[in-house]
Amino acid sequence: MDQHNFETQIKNQLDGLAMSPSPMVWQRIERQLPNQKRSRKGAWLAIAAVLIVGALGAGSYYLLNNNVYVKGITKNQEKSTSTINPISKPSIINNRTTNKRNKNIIAKITTQSNQPLKKAIDYINTKLANNNDNEIFAKKNIMRYNKNIHHTITNKNKGNEYTAANSAKDALRKYPTEAKNIPLSEPRLEKSSIVMYRPELTLADISNIKIMVLNLKKVEPTITTPPIESHKKQTMGWSMHMTNGVSWQANKSSNIASTSAVDYGTIIYGNMSGGKQPTQKTAYAYSVGANVSFPLSDRLSVGGGVSYVSLSTRVQLGEAINAPYVVNQGNQGSTTIYSYYQAEGTKNTYTTQQQSLQIPVSVEWEALHQKHFPVWLTAGVSMLKQISASDILYDPTTNVSHKTDNTTMNDIQWQLTFGAKTTLWQKNKLSVQAGPYYEVGLGNIYKESLLQHGNWKMIGLKAQFNFGGK
Amino acid sequence: MPDQLQLLKDCLKGKREAQRKLYEHFAPLMMAVCYRYTKSKYEAEDVLQEGFVKVFNNLDQFKGEGEIGAWIRRIMVNTALNYLRTHQKYRQDADVDMVPERASNDENPLASLQAKQLADIIQRLPTGYQTIFNLYVVEGYSHVEIGEMLGIDAGTSRSQYLRARVMLQKWIEEETQLTTKNQ
Numbered sequence: 001m002d003q004h005n006f007e008t009q010i011k012n013q014l015d016g017l018a019m020s021p022s023p024m025v026w027q028r029i030e031r032q033l034p035n036q037k038r039s040r041k042g043a044w045l046a047i048a049a050v051l052i053v054g055a056l057g058a059g060s061y062y063l064l065n066n067n068v069y070v071k072g073i074t075k076n077q078e079k080s081t082s083t084i085n086p087i088s089k090p091s092i093i094n095n096r097t098t099n100k101r102n103k104n105i106i107a108k109i110t111t112q113s114n115q116p117l118k119k120a121i122d123y124i125n126t127k128l129a130n131n132n133d134n135e136i137f138a139k140k141n142i143m144r145y146n147k148n149i150h151h152t153i154t155n156k157n158k159g160n161e162y163t164a165a166n167s168a169k170d171a172l173r174k175y176p177t178e179a180k181n182i183p184l185s186e187p188r189l190e191k192s193s194i195v196m197y198r199p200e201l202t203l204a205d206i207s208n209i210k211i212m213v214l215n216l217k218k219v220e221p222t223i224t225t226p227p228i229e230s231h232k233k234q235t236m237g238w239s240m241h242m243t244n245g246v247s248w249q250a251n252k253s254s255n256i257a258s259t260s261a262v263d264y265g266t267i268i269y270g271n272m273s274g275g276k277q278p279t280q281k282t283a284y285a286y287s288v289g290a291n292v293s294f295p296l297s298d299r300l301s302v303g304g305g306v307s308y309v310s311l312s313t314r315v316q317l318g319e320a321i322n323a324p325y326v327v328n329q330g331n332q333g334s335t336t337i338y339s340y341y342q343a344e345g346t347k348n349t350y351t352t353q354q355q356s357l358q359i360p361v362s363v364e365w366e367a368l369h370q371k372h373f374p375v376w377l378t379a380g381v382s383m384l385k386q387i388s389a390s391d392i393l394y395d396p397t398t399n400v401s402h403k404t405d406n407t408t409m410n411d412i413q414w415q416l417t418f419g420a421k422t423t424l425w426q427k428n429k430l431s432v433q434a435g436p437y438y439e440v441g442l443g444n445i446y447k448e449s450l451l452q453h454g455n456w457k458m459i460g461l462k463a464q465f466n467f468g469g470k
Numbered sequence: 001m002p003d004q005l006q007l008l009k010d011c012l013k014g015k016r017e018a019q020r021k022l023y024e025h026f027a028p029l030m031m032a033v034c035y036r037y038t039k040s041k042y043e044a045e046d047v048l049q050e051g052f053v054k055v056f057n058n059l060d061q062f063k064g065e066g067e068i069g070a071w072i073r074r075i076m077v078n079t080a081l082n083y084l085r086t087h088q089k090y091r092q093d094a095d096v097d098m099v100p101e102r103a104s105n106d107e108n109p110l111a112s113l114q115a116k117q118l119a120d121i122i123q124r125l126p127t128g129y130q131t132i133f134n135l136y137v138v139e140g141y142s143h144v145e146i147g148e149m150l151g152i153d154a155g156t157s158r159s160q161y162l163r164a165r166v167m168l169q170k171w172i173e174e175e176t177q178l179t180t181k182n183q
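One line per chain: the protein sequences are E and S, in this order.
Going letter by letter, the first sequence gives residues 1 to 470 in the working numbering.
Going letter by letter, the second sequence gives residues 1 to 183 in the working numbering.
Quick caveat, the hints were computed from the structure, so don't treat them as lab data.
Accuracy of the hints is not assured; some may be wrong.
To be verified - Simulated pairs of lysine to aspartate or glutamate, EDC-like, Cα-Cα distance not exceeding 20 Å:
no., chain 1, residue 1, chain 2, residue 2
1, S, K116, S, E173
2, E, K447, S, D10
3, S, K9, E, D411
4, E, K447, S, E17
5, S, K41, E, D15
6, S, K39, E, D15
7, E, K11, S, E173
8, E, K281, E, E319
9, S, K15, E, E30
10, E, K429, E, E366
Stated by the list, open to error - Chain E residues, not near chain S, derived (Cβ > 10 Å throughout):
no., residue
11, F6
12, Q13
13, A18
14, M24
15, I29
16, L33
17, W238
18, S297
19, R314
20, E366
21, K371
22, S388
23, Q426
24, A463
Quick caveat: nothing in here was measured; it's all calculated off a predicted structure.
Ideal Cβ placement from N, Cα and C applies to all residues, glycine included.
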């Protein structure tokens with residue numbers, strides 16, 4: 001048997017050998033493996049979804065339960081509620097008309113709960129503290145309607161007539177002297193609305209009323225009901241922003257490569273060289289973009305927009321080598337390059353870049369409500385659509401780094417964004433806000449076929465210029 | 001292996017079921033590899049266990065270049081060498097001078113042996129000879145590479161291989177004759 005034939009036959013026979021290990025082996029392996037991981041990507045997406053759904057839910061709840069509409073009623077529209085516009089200011093009710101009922105209407109306030117209506121009336125009371133003629137009228141009526149509100153809540157199932165009548169009787173009972181000469185108006189309950197009437201009073205009549213301590217003056221026939229402040233908050237805001245800071249690429253395989261070097265010790269073995277991943281350092285990053293926001297309440301808003309983002313990281317590399325090198329890119333095929341770097345060392349520094357379009361959705365909450373320097377906290381999720389990239393890929397099997405383009409990266413990437421900001425300057429609807437900003441990539445920026453994990457992180461200072469809105 | 005990429009991705013995510021499937025697929029072949037480098041089934045199982053733990057912990061270093069089976073096999077061989085080194089097996093056995101007479105029979109006795117019988121015969125070699133024989137014949141390393149891996153001279157590797165080869169040829173012939181008689 002010649003030497004070559006002997007070795008070939010042995011190799012062929014041994015290559016086909018298979019032996020079953022005992023079942024205990026897998027059990028022992030299983031005990032040594034880390035506990036089964038939950039999908040981090042899934043967990044982050046779930047958190048983001050809960051945040052967004054929660055914010056939308058809270059906003060919807062607020063809007064549904066705090067619908068305060070004020071509308072002036074023009075003549076012949078007393079009973080109409082279908083034309084209520086929540087944003088419009090109440091119209092002025094002009095001079096007396098031939099229709100007695102209509103001329104007495106100040107405004108119609110519609111609400112779905114007691115609390116906002118009280119707030120609205122409180123607001124009107126505050127605004128009418130100037131003691132001009134119109135305000136006195138309004139204030140007096142509001143006081144009466146406050147009583148009526150009470151009846152509305154407690155006796156809403158007993159019918160409109162009862163409520164109105166009771167209201168009048170109560171007033172007479174409580175203020176017999178003051179009210180006996182007053183032809184009381186009849187506030188009426190219309191479903192969930194309170195219709196406020198201007199009572200048919202003369203100056204002499206109302207001067208005796210002491211329901212409120214007022215210095216009554218001559219009454220003018222025209223009354224304007226001030227708008228409810230909360231309407232202003234249901235407006236959309238526009239902003240432009242610019243973020244400057246640093247970014248870096250966090251690559252999971254770097255730790256494992258180091259561990260591997262320890263595991264395999266001095267054994268130098270083909271593909272398992274166990275080298276150390278190149279050091280990655282921070283580099284300049286920025287983004288510019290525009291946002292639109294929708295206030296959900298005084299202190300909560302949701303927004304979205306589009307930005308241009310440039311992320312970079314500096315990679316420290318060893319010596320540059322000009323020689324053919326075959327790069328296997330998994331499902332992307334393989335290609336030959338003619339220049340690469342030793343992964344370890346500090347002789348060369350390469351700055352990788354990724355330019356992307358970012359579509360963020362975020363929730364903003366005013367954590368510290370104050371006149372000067374209010375503090376807003378923001379959190380959201382954003383989608384990155386890659387435009388271009390230049391990258392350095394580390395190959396742990398050969399301990400070599402080489403340049404690559406964006407073909408090895410995922411075209412769509414996801415990020416979580418966090419920030420805080422305060423208002424530095426404000427005039428009318430213009431304002432400037434600034435604060436720290438942090439974003440972290442979700443999942444893997446590389447295509448999964450490469451089986452290499454990495455994600456972008458960015459920290460910086462964000463400046464925002466607001467137009468309109470709050 | 002069907003949908004190997006998906007299985008690897010699941011393994012990377014730490015999914016236990018995928019890890020079990022990967023293990024079950026490769027364990028029989030890898031067990032045979034470990035068996036060739038050790039002296040008993042129990043030692044082979046120890047190496048197999050340690051090797052697969054390394055496979056799962058370092059799976060993200062596999063970039064899809066070449067077959068996953070070849071990558072796992074390299075880890076098994078490295079793990080076996082580490083095991084032997086830890087237990088000082090080379091040093092105890094590498095100096096053993098057990099050179100039998102060279103067999104002169106030119107017939108091909110290998111053809112009548114089962115792979116398991118052959119592996120058992122190789123296992124009877126002193127550990128140093130056994131390791132060098134496996135690395136040279138089965139894994140295809142040169143004596144220079146084997147010398148670097150085991151921390152010995154290339155010449156030592158070459159001479160020990162030749163001794164191992166002579167011993168094996170003799171034992172294989174004996175085993176063949178025994179098998180023939182029993183039949």
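| message | Would the non-interface assignment of Q13 of chain E survive a Cβ cutoff of 10 Å against chain S? | response | 5 Å, violated
| query | Checking the smallest CB distance to chain S, is M24 of chain E really beyond 10 Å? | reply | 8 Å, violated
| request: Could you grab the alpha-carbon distance between K447 of chain E and D10 of chain S and see if it respects the 20 Å cut-off? | output: 15 Å, holds
| task | Please confirm whether R314 of chain E is truly not at the interface, meaning its C-beta sits more than 10 Å away from all C-beta atoms of chain S. | result | 23 Å, holds
| field | Distance rule for S297 of chain E, whose beta carbon must clear each one in chain S by more than 10 Å | value | It holds; S297 of chain E is separated from chain S by about 40 Å at its closest Cβ, greater than 10 Å.
| query | Hey, K116 of chain S versus E173 of chain S, does the alpha-carbon distance stay inside 20 Å? | reply | Between K116 of chain S and E173 of chain S the Cα gap is close to 16 Å, so the pair holds against 20 Å.
| said: Please check whether the beta-carbon of Q426 of chain E is more than 10 Å away from every beta-carbon in chain S. | reply: It holds; Q426 of chain E is separated from chain S by about 48 Å at its closest Cβ, greater than 10 Å.
| query | Would A463 of chain E pass as off the interface with chain S, using Cβ distances and a cut of 10 Å? | reply | 39 Å, holds
| Taking 10 Å as the cut and beta carbons as the points, is E366 of chain E off the interface with chain S? | It holds; E366 of chain E is separated from chain S by about 39 Å at its closest Cβ, greater than 10 Å.
| message | Between the alpha carbons of K429 of chain E and E366 of chain E, is the straight-line distance 20 Å or under? | response | Holds - the C-alpha atoms of E366 of chain E and K429 of chain E are around 17 Å apart, at most 20 Å.
| query | Non-interface claim for W238 of chain E: all C-beta distances to chain S beyond 10 Å? | reply | 42 Å, holds
| said: Beyond 10 Å on every Cβ pair: is that true for I29 of chain E relative to chain S? | reply: It is violated; I29 of chain E is separated from chain S by about 5 Å at its closest Cβ, not greater than 10 Å.
Going down the numbered hints, you'll see the structure goes against 4, 11, 12, 13, 14, 15, 16, while the others check out.
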